[in-house]
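A.B. asks: For reference, the chains in residue letters:
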Amino acid sequence: MLRIFHISAVFALTLSLISCDQRRTVDRASEEKVLLLGNGDEPKELDPQVVTGVIESNIINALFEGLCVRHPENEGVHLPGMAERWEANADFTQWTFHLRNDAKWSDGTPLTAADFLFAFERILTPEFGAKYAEMLYYLKGAQQFHQGESDDFSSVSVRAPDPHTLELELVAPTPFLPDLTMHYTWFPVPKHCVLSHGEMQTKHNPWTRPQHIVSNGPFQLTSWKFNQYIAAEANPNYWDAARLKLKGIKFLPIKNAYTEARMFFDGQLHGTYTLAPEMIRYAKDTEPESLRQEPYFASYFLRCNVTSPAVQNPKIRRALALAIDRQAIIDKILQGGQSAAYSVTPPIGEYQPPKAIEYKLSEAKALLKEAGFGPDNPLRLKLLATDRDSTKRICEAVQAMWKQELGVDCTIVQFEWKTYLDKLTKLQYDVCFGGWSADYPDPTTFLDMWKKGGGNNRTGWFNNDYDQQLKTAAQCSDPAERFRLLERAEATMMDELPSLPLFWATTNYLLSPQVQGWHPLLLNQHPYKFIDLTQP
Amino acid sequence: MSTSHSLYQDAWLRLRRNSMAIVSLGILTVIFLLCFALPFIGSIGTPENSGFEHWFKDPNHQDLNKTFLPASAEHWLGTDQSGRDIFARLLYGGQISLLVGLVATSFSLIIGISYGSIAGYVGGRTDALMMRFVDILYGLPFLVLVILFSLLISEYMESLTTLLRDDWGWNAGFVTRFTNLIPLFVAIGSLGWLTMARMARAQTLNIKKQEYVEAAVSLGLSHRQILTRHILPNMMGPIIVYATLTVPGFILFEASLSYLGLGVSSPNSSWGILLKDGANYMETAPQLLIIPSVLFSITLFALNFLGDGLRDALDPKAAKD
Amino acid sequence: MLKTLISRLGQGVVVIFFLISITFVLVRLMPGDPLTDEKAVPEHVIEKNRAYYKLDQPKVVQFGYYLGNIAQGDLGPSMSKEGRQVLEIIEYSFPASLILGTTGMLIALCIGIPAGILSALRKNSWIDFGTMVFAMIGISIPSFVIGPLLASGIASKVPFLKVAGWGDPLDWLLPAITLGLATAAYIARITRGGMLETLNQDYIRTARAKGLRESTVVLKHALRGGIIPAIAYIGPAFAALVSGSFIIETIFQVPGLGQHFINGALARDYNLIQGVVILFGILIVLANLLADLALAAINPRLRNQS
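Protein chains in written order, with the numbering used here: chain A, 447 to 982; chain B, 761 to 1081; chain C, 29 to 334.
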């Protein structure tokens, strides 16, 4: 009995201690200028040359910086980062970047072109096994070196004539190279730090642990609690440290979107990683000022296995594509302001994809009849999908549209992620729900995947004309002309519909109005150095 | 009390005197009839000439312009997030869930009791060996097994579906709904009995040392007779109670497996799936969670009162009162 | 007694060896592999990574390496959280699960056993009925509903409770309740069943006839037999609670172990699954051993069983 009394006394004491500070966690954090962000999941690594995902990229962008820096409002503008200025030749194949003299690592060591060369060599070294090394294949000789055809890194055309100059020679005209340099695969890594914890090609090199890590971005890692949080504080050695308004950022690996939304409404987060469609309506009703719905450079579609008898016939694929009421799916299920896709690649800047598909039931019915299917002889097919809730709802809607309007007998087969990928890669499906998000703001990030034998194609479809059109566009150094060529290539593909476009994505998330300087961006990568927090 | 009645007739007589149990039995019968008979009557004939079409909806027919409708004469319990009739989905889902709950529980009862009581009764090395085998099965990563099951069996299920549908001419919707459950039964049947076996063994060990069992041994009864006449009837009480508790466990379990390719496939429903989807609309459309919860809870209450009644009725000690 | 203990521990080692071997085979039978992902990785890169994890070796050789490493206390590198060792992941995750599981179990025992005894003693009274209703609620409302209900119903209204997160001891409360509730319900119902069974036994009647105090009869005599089915249930249930729960961990943002059982399997992180399975195997063996010891301690007649 006495013990119970003791326990309750301690309990009451704890309560009174904690309830002293009644302010919400975010309000306290805003005062301390610490940004609290939900970040989806525990990152796999923080080594820019190992990781492949958005979650990791969100943290790495705070810790590291590339040659150029994103503009907080305008996707097309590149600000100087590690490079003070840069220039290219007329056809965008020769680039020179001039590194700033005051560039330093967070431990005070000067950052030089050698760190970039080291980073490029490390990611391209075959033994290192970097999964995303392809992002550097724009460099002349990079592909050969990475595939082991050459074992001398000097065969890759990157030069450092002096510690503050970096010269790159590219395979083809690449006007969007500054965009690429903002991708983490192009970031420098601290040669001195990496080598003091392992060899260049050592996998599982512990240099990214909080007690070891040295970085060059606006923030430096202070603690990394596995599955709990990752905290970073302002880096005093950052070249632009005077501009920084935040004192720190804390990333929370919250996997459950509903939990994340509850934490936001409970005042534990400034921003969420995502927002479940079911919660969008709730957010609109309760905190409309926090709901953010912004276009995102990603596309969702239904891949068709063109080697499967069910959808081998392009007429059938066209009929299926025409019978999907995309706007209804967006308005009633997704509710995130996405736009109905009429082609695979979303429009970006001057690039206008062909208007290949719309919702046209009569034509769909006629086409299916032509292909020999109807109510008496129903087309049977399997729709492969992952185990996510939102995917399930979209697939159910498509299935019902096909069944109710075309009489197609479609079965949904759901599998967990890796089984789904396995079936997809081995072409063991008829139709499959999928999506693609851009790595850089250029249509080729979508178009390249449908090339013959491409690893991400996964439809069995190919068309030599399409590949040729892409090749011609890649050699073209006039940006406007290049887009016309790419549009023509996309039209070629949409004639045969290896994948049926569904919708172009938006990002939906919650962001506290206390966060300043956070603007809609198509790639949803917000440069943290411009962000500020106002007092509650 | 007349001695001409058998043990089970006695039990039935005692059960009939337990009003809670009888009411529960009535409720369960009604729910069963609702789930199995009503959709059947409603789907007689083709949709065109069926007189019931206007009141019993197709549970998978969606209308995205009619989502989250309140209850009305057209849709008795309203419509769900995709504009489907909740009443129809609830009853169709009930078929799956009741079937899963009952079949899986029977599996676990049969395998668990025979395995556990034999281990406990024989004792010694056999017991140790049998129980360590249970430990191994218990420790295996369940999700890995489920992924493997769903993959290995799905191939066979596909051919079974084609056979039943195309060669035997069974209703396509019916066939796909139920062949999908077979892998689930295999998964549960192979692993769902472990705790039951441990409980049966513990009970057997306890009863084995009671005076009446020792008396039976000295009277020269065979092991089989001792097991079936003395040990099994005396351990049924806690076992029946535990069995009624496992039913909801299996029903909810089906929902989590349906996403991994086991269990009922989309867009078909089960109570577990309705609950799981409903939980996502807790803030915005609570009726999607409340309606299946109510029916699920009523069923479980009835099942447990019936289980308690059965326990009392089958208690051999009670016969002496 | 000591001999029994040593023999059981020896059996435990055998159980875990079989567990490792079977798991080793099963995880490699799953479709897909640890190194593929949404964005296709070129074949030559995959080869390099396969070689790094020794996945290019024959399975027997891999198994040999694995056993050798375990003997040295090394569970290998994780294949999904690159740069982390499996042992390290377990070290970070197990404490939270241990706290949560123990608190949950305490809640379950404190509610379940008294409720079970009371409802058996006052059979068909309002106490019995109330316990039944409570138990049914605990069992029929799954944790994926109770968790969010507690979070948005209680935590968001009470200032010192957080809807999710893991920091100070107050954060343990809601996940532990969610975790313990269903177990409490099971224990209450099972204890009730067991108690009813023993209360009808001859020796209880004898004890009562001898004029012993009712509390002595119930707590000293009836409970001994009546708790047996509950203990058989508690053993594995405790191992399950302590090894974490995926659903509760994601709802309340608990950095526990349960998610690795799921994520390890989904990501085909062979080393991670094998690691957590070994840990779970040890827990199961220990929990069942403790349960059996408890059974023997409660029921002296079981003591001479091996």
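Just so you know, the hints here were simulated from the structure itself, not pulled from any lab data.
Glycine is no exception: its CB is placed at the ideal position from the N, C-alpha and C atoms.
There could be a bad hint or two in this list.
Going by beta-carbon spacing under 8 Å, a handful of chain C positions derived as facing chain A [stated by the list, open to error]: (1) 67; (2) 70; (3) 72; (4) 76; (5) 84; (6) 85; (7) 94; (8) 96; (9) 100; (10) 101; (11) 104; (12) 109; (13) 120; (14) 122; (15) 173.
Which bits of chain C does chain B cover? Going by a derived footprint, with three or more residues having C-beta under 8 Å, they are [unchecked claim]: (16) 127-136; (17) 196-208; (18) 224-232; (19) 249-258.
A.B. asks: Next, verify each hint and record whether it holds.
C.D. replies: Hints versus structure:
no.: 1; hint: 67; result: holds, 6 Å
no.: 2; hint: 70; result: holds, 7 Å
no.: 3; hint: 72; result: holds, 6 Å
no.: 4; hint: 76; result: holds, 4 Å
no.: 5; hint: 84; result: violated, 12 Å
no.: 6; hint: 85; result: violated, 16 Å
no.: 7; hint: 94; result: violated, 17 Å
no.: 8; hint: 96; result: violated, 19 Å
no.: 9; hint: 100; result: violated, 17 Å
no.: 10; hint: 101; result: violated, 18 Å
no.: 11; hint: 104; result: violated, 11 Å
no.: 12; hint: 109; result: holds, 5 Å
no.: 13; hint: 120; result: holds, 4 Å
no.: 14; hint: 122; result: violated, 11 Å
no.: 15; hint: 173; result: violated, 12 Å
no.: 16; hint: 127-136; result: violated (count 0)
no.: 17; hint: 196-208; result: violated (count 0)
no.: 18; hint: 224-232; result: holds (count 5)
no.: 19; hint: 249-258; result: holds (count 3)
When each numbered hint is compared with the structure, violations occur for hints 5, 6, 7, 8, 9, 10, 11, 14, 15, 16 and 17.
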